[in-house]
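Visitor: Each chain, letter by letter, is given below.
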Amino acid sequence: MEEVYPLKQIIDDHGNLVDKSSKSLITRELVQKAYYHMYRIRTFDKKAKSLQRQGRIGTYPPFEGQEAAQVGSALALEENDWLFPTYRDHGAMLTFGADMTRTFLYWNGRLEGCQPPEGKHIFPAAVPIATQILHAVGASWAEKRKGTKNIAIAYFGDGATSEGDFHEGLNFASVFQTPTILFNQNNGYAISVPFERQMNSKTVAQKGIAYEIPSIRVDGNDFFAVYFAMQEATRRARTGGGPTLIEAVTWRTGAHTTADDPTKYRPDGIGKDIVDPLLRLERMMKNEGYWDEEFIQSTRERIEEEIDDAVKAMESYPKAKPEDMFDHVFAELPEQLVKQKESYLQLLRGE
Amino acid sequence: MTTEYTERIATKNITMIQAINDGMRTVLERDPTTLILGEDVGKNGGVFRATDGLQEEFGEDRVIDTPLSESGIIGTSVGLAVNGLKPIAEIQFMGFIYPAYDQIMTHVSRIRMRTMGRYSVPLVIRAPFGAGVRAPEIHSDSAESLFTHMPGIKVVCPATPYDAKGLLIAAIEDPDPVLYMEPMHSYRSFREEVPTDYYTVEIGKGKKRIEGNDVTLITWGAMVPLVEKVANQVKGRGIDCEVIDLRTLYPIDEGLIAESVQKTGRAVVIHEAPKTGGLGSDIVSIINDTSFLYLKAPIERVSGFDVPVPFSSLENHYLPTPERINRAIEKVIDF
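Protein sequence lines correspond, in order, to chains A and B. Numbering follows the working numbering, with no gaps: position 64 of the first sequence is 64. Each position in the second sequence, counted from 1, maps to that position plus 1000 in the working numbering.
These are calculated hints, taken from the structure and not from any lab test. For every residue, glycine included, the Cβ atom is placed at its ideal position computed from N, Cα and C. One or more of the hints may lead you astray.
Claimed, not checked - Over the 10 angstroms line for every Cβ pair with chain A, so calculated as not near, a few chain B residues:
1. G1053
2. R1114
3. Y1119
4. R1134
5. E1137
6. K1154
7. P1175
8. D1176
9. T1200
10. K1208
11. R1209
12. N1288
What the hints assert, rightly or not - Residues from chain A that keep clear of chain B, each with C-beta distances beyond 12 angstroms, as calculated:
13. V193
14. T253
15. Q297
What the hints assert, rightly or not - When the alpha-carbon atoms are kept at most 20 angstroms apart in a straight line, the in silico DMTMM-like pairs for lysine to aspartate or glutamate are as follows:
16. A:K341 <-> B:D1031
17. A:K149 <-> A:D261
18. A:K341 <-> B:D1040
19. A:K23 <-> A:E232
20. B:K1205 <-> A:E335
21. A:K146 <-> B:D1240
22. A:K202 <-> A:E163
23. A:K33 <-> A:E335
24. B:K1208 <-> B:E1173
25. A:K33 <-> A:E2
26. A:K23 <-> A:E282
27. A:K146 <-> B:D1214
28. A:K146 <-> B:D1031
29. A:K144 <-> B:D1240
30. A:K146 <-> B:E1060
31. A:K144 <-> B:E1254
32. B:K1229 <-> B:D1214
33. A:K341 <-> B:E1254
34. A:K339 <-> B:E1254
35. B:K1205 <-> A:E332
36. A:K339 <-> B:D1289
37. A:K339 <-> B:E1315
38. A:K144 <-> B:D1065
39. A:K339 <-> B:E1029
40. A:K149 <-> B:E1315
Let the sequences and hints guide you as you build the complete structure.
Guide: Here you go:
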């Protein structure tokens, strides 16, 4: 099946353009956008890890190594599309327009972190596995019913393909021909279980065949391969062509979460030959004449500043109120919940 | 001075299943954002005929036959609901709701809280439940307490055709998810005058079916007609029962329970579900919290046993019987 679904690449590990036909599609603007977002979410991710180590945020699942997959996919979306992420996709969320302070707030245990900016359709990260695939199918089905051209993207990992909701989601998307992008980041591991133990099939992409869903397998560390595959898939979805399954083969550089120790289950040296997606983009920029020192410096400074500001805003955010735990469970609180809330607040007030 | 007047409203003498059908027809007509999803709900009109004729009337786009996929039905309903639609999802039997439990527990009931109200899931899940119709295995479960224990979802359970229609419309209009439990034993067992037009029955309010002074019998669903029958029988022996039909299982009408028990001083709770962790335990707690000093006897519970609902050859031994209810009433009276 690896022959049926060869790994689509536009640039190789050395940053060489291996798919010359794409050359005309690559613009300076696109390259700079890719660099900006990949550098931005990489820096965010580093910052989050360091904040966790200092006890300034809670447990955090890093996405380092998956920046090309997340930025390449999110940049291909349009303003009114829907994004259904997992807990490891805040890179994609940030790229699509999630607020950075709120993203930090989420990892600091705050409900405010689940609120997208007004008018932006970003669902809170799914913590159970594969459940969000069905939500994306449902939301995009609603768009189809309304007759819009908006689509939804569901992010999920290799482990998710073993869950029932993955199959139910693909089946619904196929039966109702919903405008859904089923975006798989195959990062090699579901916590400690490697791809080979997750499935006996050689690719995720081949799972589309059973559902008559067009699928493609791309180098998920190649921004351009992801971005152009996404463009084709979104075009198909917007023009009534239904869902697409994209397998972006990537690599989780670090641990599952900051509470996890991958040396327990990963053989020594595994993944060492994998070229970091940001480094690969930088090589390409140098090879193809897109490297502009001034742009790089100003971009980096701008991002460092943005992240520092977001951390400050997160840390100076008003404290969480115990009321918040009660107030949003229903539109209108039932009497018993009002009683529970009032009696607890009275206790807190020392009454 | 009191003014008495009778507003003449058109009614039909119909069964509960017809009232449910009528309720869905009413909202499909009134609200273009409503749609029905489920297994066999379209062409077939539902295995119990709850959606009979609705696809013909409203089209395949509003009454949708889905793949056989409970998690798929509820999971896609979440996406539809957060994007402006009001899905009415049918789970063919409550015993088949378990594959969707994850979606209901982790998403349906939490989305409003997680987003502080930015997204909500105005979804109604209809599920026929209960034993006594000689159905195959798994088809007869009463799983209400799995959902009354779940924060963020309301649970309603009509006992009569009138309440079935009114509660269904109220459930669909509710801004939050509602599990609507249909006692399949009562689907066709009796008829009642039901208004042909739109009306609602308030969620969170129980109903006194019979007034009485000696003992409060608290129940819901298919147990209501049975308990009413027992109440009428024991009246002949001089025991005056008050029968409360809860109608909503979450949020439960605590005021109605307290008021009645404070009057009678005695209570028996009757339900089909297994005893341990059953809603009866919560009702005992409510009485404890609100009416402890009014009690003249310990509260009795008549329920299913802590066993899986047995095969149909034994289901009548599992279900509360008039004999068991009688025994419990005598026990609280004679204490």
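Visitor: Verify the proposed pairing of K339 of chain A with E1254 of chain B, using a straight-line Cα cut of 20 angstroms.
Guide: Holds, at about 12 angstroms.
Visitor: Given the hinted pair K144 of chain A and D1240 of chain B, is their Cα-Cα distance within 20 angstroms?
Guide: 59 angstroms, violated
Visitor: So P1175 of chain B supposedly isn't at the interface. Is its beta-carbon more than 10 angstroms from every beta-carbon in chain A?
Guide: 4 angstroms, violated
Visitor: Quick check for students: does the CB of R1114 of chain B sit more than 10 angstroms from each CB in chain A?
Guide: 5 angstroms, violated
Visitor: Taking C-beta pairs only, is K1208 of chain B more than 10 angstroms away from all of chain A?
Guide: 19 angstroms, holds
Visitor: If we take the beta carbon of V193 of chain A, is the closest beta carbon in chain B still more than 12 angstroms away?
Guide: 20 angstroms, holds
Visitor: Against the 20 angstroms threshold, does the CA-CA distance of K1229 of chain B and D1214 of chain B hold or violate the hint?
Guide: The given pair, whose Cα atoms are some 16 angstroms apart, holds under the 20 angstroms limit.
Visitor: Decide if the proposed pair is consistent with the structure: K149 of chain A and E1315 of chain B, CA atoms, cutoff 20 angstroms inclusive.
Guide: Since the Cα atoms of K149 of chain A and E1315 of chain B sit roughly 53 angstroms apart, the hinted pair is violated (cutoff 20 angstroms).
Visitor: Quick one, are K339 of chain A and D1289 of chain B close enough, alpha carbons at most 20 angstroms?
Guide: The given pair, whose Cα atoms are some 12 angstroms apart, holds under the 20 angstroms limit.
Visitor: Please work out if K146 of chain A and E1060 of chain B have their alpha carbons no farther apart than 20 angstroms.
Guide: Since the Cα atoms of K146 of chain A and E1060 of chain B sit roughly 15 angstroms apart, the hinted pair holds (cutoff 20 angstroms).
Visitor: Y1119 of chain B: least C-beta distance to chain A exceeds 10 angstroms?
Guide: 7 angstroms, violated
Visitor: Would you mind confirming whether the straight-line C-alpha gap from K1205 of chain B to E335 of chain A stays at or under 20 angstroms?
Guide: 12 angstroms, holds
Of the numbered hints stated above, those contradicted by the structure are hints 2, 3, 6, 7, 8, 16, 17, 18, 21, 23, 24, 25, 27, 29, 31, 37, 39 and 40, listed in ascending order.
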